[in-house]
Amino acid sequence: MDLENQKRVKELSEQYGPENLVVVLGAAEGEAAGLTAETVTAGDPTYAGPLTGVQLGLKVYHICEEEIKSEVDPGVYDEQVGMMEMVLDVDEIVDEMSAIREQFTKY
Amino acid sequence: MDLLKGKKVIVVGDRDGVPGPAIDECIKTAGADIVFSSTECFV
Amino acid sequence: MNSVIKGASYILAHTPDMVIHNGTTQTTERIVNPGSEYLVELPGKLRPYDDAMRYAPNQTYIGNLTPDELSAVAAPWYEQKLEDADRFGKMGEIMPQDEFYILMQVCDAFDLVKLEKGFVEEVKPRFEQHPLMDESIIARIKGGVEQSEIDRAIGEDHAEGLYQDGKLVGYVKKSHDVDVNLSAHVILENLVSKASCVLSLLHLTKNTGIDKAEVDLVIECSEEACGDMNQRGGGNMAKAAAEIAGFSSASGADVRAFCAAPVHALIHAAALVASGTYDNVVVAAGGSTAKLGMNGKDHAKKGLPILEDVVGGFATLISKNDGINPELLSAYTGKHTVGSGSSPQAVITALVTDPLDKMGLKITDIDRYSVEMQNPDVTKPAGAGDVPLANYKMIAALGVKRGDLERAQLNDFTTEHGMVGWAPTQGHIPSGVPYLGFAREDILSGKIETCMVIGKGSLFLGRMTNLFDGVSFIIRKNSGETEQTSAVPEEQIKSLIADAMRNLAASLAGEGR
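Residue numbers (the working numbering), protein chains in the order written: chain U, 1 to 107; chain F, 108 to 150; chain B, 151 to 663.
Looking at chain U on its own, in the form it has when it is part of the complex (with noise of 0.2 Å):
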């Protein structure tokens, strides 16, 4: 995650209490997403970025994921993420973010 975004997130996450946030990622690849979430989570898997050693827990899914599809307008999720379907390998990523809330989401 690039080392900015990081900075940002966990200044949100003083600001506004972890428990209180949610992550919401649109990542390519099962394994980037879960790069990702397990950045936001367990911290910085590269070491690089401020969220190295910083064990935030938030909550974090991808948007392809039932739980964040079924809370979205169907018409405007079908013209912002439809047609992605058809391109993501959804099912690599929801085990993917899965596996990461399991282990390291603390809300």
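Note that these hints are calculated values from the structure, not bench results.
Incorrect hints may have been included.
No more than 25 Å apart at the CA atoms, straight line, and that leaves these computed lysine-lysine pairs for PhoX-like [as the list claims (entries may be wrong)]: (1) U:10 <-> F:135; (2) B:267 <-> B:317; (3) F:114 <-> U:7; (4) U:106 <-> F:112; (5) U:69 <-> F:135; (6) U:10 <-> F:114; (7) F:115 <-> U:10; (8) U:69 <-> F:112; (9) B:240 <-> B:317; (10) B:323 <-> B:292; (11) F:112 <-> F:135; (12) F:115 <-> U:69; (13) F:115 <-> U:106; (14) F:112 <-> U:10; (15) F:115 <-> U:7; (16) B:551 <-> U:69; (17) F:135 <-> U:7; (18) F:114 <-> U:69.
Every value quoted in this text rests on a predicted model; they were computed, and no experiment measured them.
On the provided structure of chain U, position chains F and B as indicated by the hints.
Chains F and B only, in chain U's frame:
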């Protein structure tokens, strides 16, 4: 339980997946309060 | 009348020491994590020249292997070393780092690049043998300096070191004591970009056979900024490169649009030629040191060599219609607008189907799509997936939504209308343009008739807008018409003017009565 309604949301989109602004459009409809939105680029 | 694509060139410079010293992943790591395991193991993960030269995607980039031949090579490609490989290719070359340092000095107009005596004595004779380096270029090589001078410049004067196999062999000086835009770091980045651009121009001259004096304009489209503190992005890298390449009649200007810049620049070039403003416009760019080893941490972690060890460059020649070469259809370009929206569907609609709709074509009517041709060997282990494949799937998925093809045909579409990626992750370098040289050949040989070239750019990285960007154009087999066959003959124009004058005179005479 509502995940998004009234919650502070951080969006991390992907240029080659779903970009930030497209995610914003979606989650706004769920009543989320977007506090930060970005798009990552791996290439 | 449409312009044509007369040829292209593609070059790489293998710069392993620059990965360590100039790639931003590594320079950042040295600041935030100076003792990291990655920095310790990095030198051992760099490929020697021969490995990088025999790497199938690199041989494809310089034209020795076609994209179709590359797709037949078993992946991952870094595990294979091509037997039948060469430094020079049909469209360019892979220059070793030491010769590239000499070329950087050749491109230095302000006495900012110094190389060690022994190094110059060893490398210069080899550089002089290069088939494209003429006397004017050789004459720009300076004598070497003492090692002690290099050590002093690095230690005391904020110079950037130039290393060969880990040994300090030269430096790039800062050009101002206060102005960060003229720091040694920026000067080095710009000289690398300029040198790789110049090498591309020289190969383009050879590949197209054009007389250097016939080039009217060079448009440079890299992602570097050159200028000083009062005009940080002042630019005209184009003219600077054209000067060294010997394009004496050329003017120059730069186009900047992140990774989309080459396609924007080609659209500009085609319009300038089609309108008659210029006859021959070259679009070119050198590469980026910043992106060297960009995904190196992931590669090292997964036991791969550092694959992002080359700086890229390309050049293309757009000329007035000769009735033979493929035409660039200036009236049917695609553009992502301010109001297009950023959803992938909106992006692909703007770039692909809007121009096709104007022409009354379906997605499947374009034989080949040249998208962002990043090498998946590099991006997949870094978690960024297979970028060209994802682009082809997006185009196909939109085709399914529109009814141009069936959902079951989605995978076939990606292989029939797409290609595997082979270009280094040098930002603008992979963006649509790597196939232009092959596209010209494939169209001339009759293998394909049409190709759409798409460039995309991440404008939001500059923090000035959240917008995404992209443009596209179509190239097509030449219709065979030329200026001479289609234009009105001179005699006919003269007679038309004479008729008009007579009519005018008659009507004036009538009024006088």
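Taking the hints in turn, this is what the structure says about them:
no. : hint            : in the structure
1   : U:10 <-> F:135  : holds (23 Å)
2   : B:267 <-> B:317 : holds (14 Å)
3   : F:114 <-> U:7   : holds (20 Å)
4   : U:106 <-> F:112 : holds (19 Å)
5   : U:69 <-> F:135  : holds (12 Å)
6   : U:10 <-> F:114  : holds (17 Å)
7   : F:115 <-> U:10  : holds (14 Å)
8   : U:69 <-> F:112  : holds (13 Å)
9   : B:240 <-> B:317 : violated (33 Å)
10  : B:323 <-> B:292 : holds (15 Å)
11  : F:112 <-> F:135 : holds (9 Å)
12  : F:115 <-> U:69  : holds (17 Å)
13  : F:115 <-> U:106 : holds (16 Å)
14  : F:112 <-> U:10  : holds (22 Å)
15  : F:115 <-> U:7   : holds (17 Å)
16  : B:551 <-> U:69  : holds (20 Å)
17  : F:135 <-> U:7   : holds (24 Å)
18  : F:114 <-> U:69  : holds (15 Å)
The structure does not agree with numbered hint 9 stated previously, though it agrees with all others.
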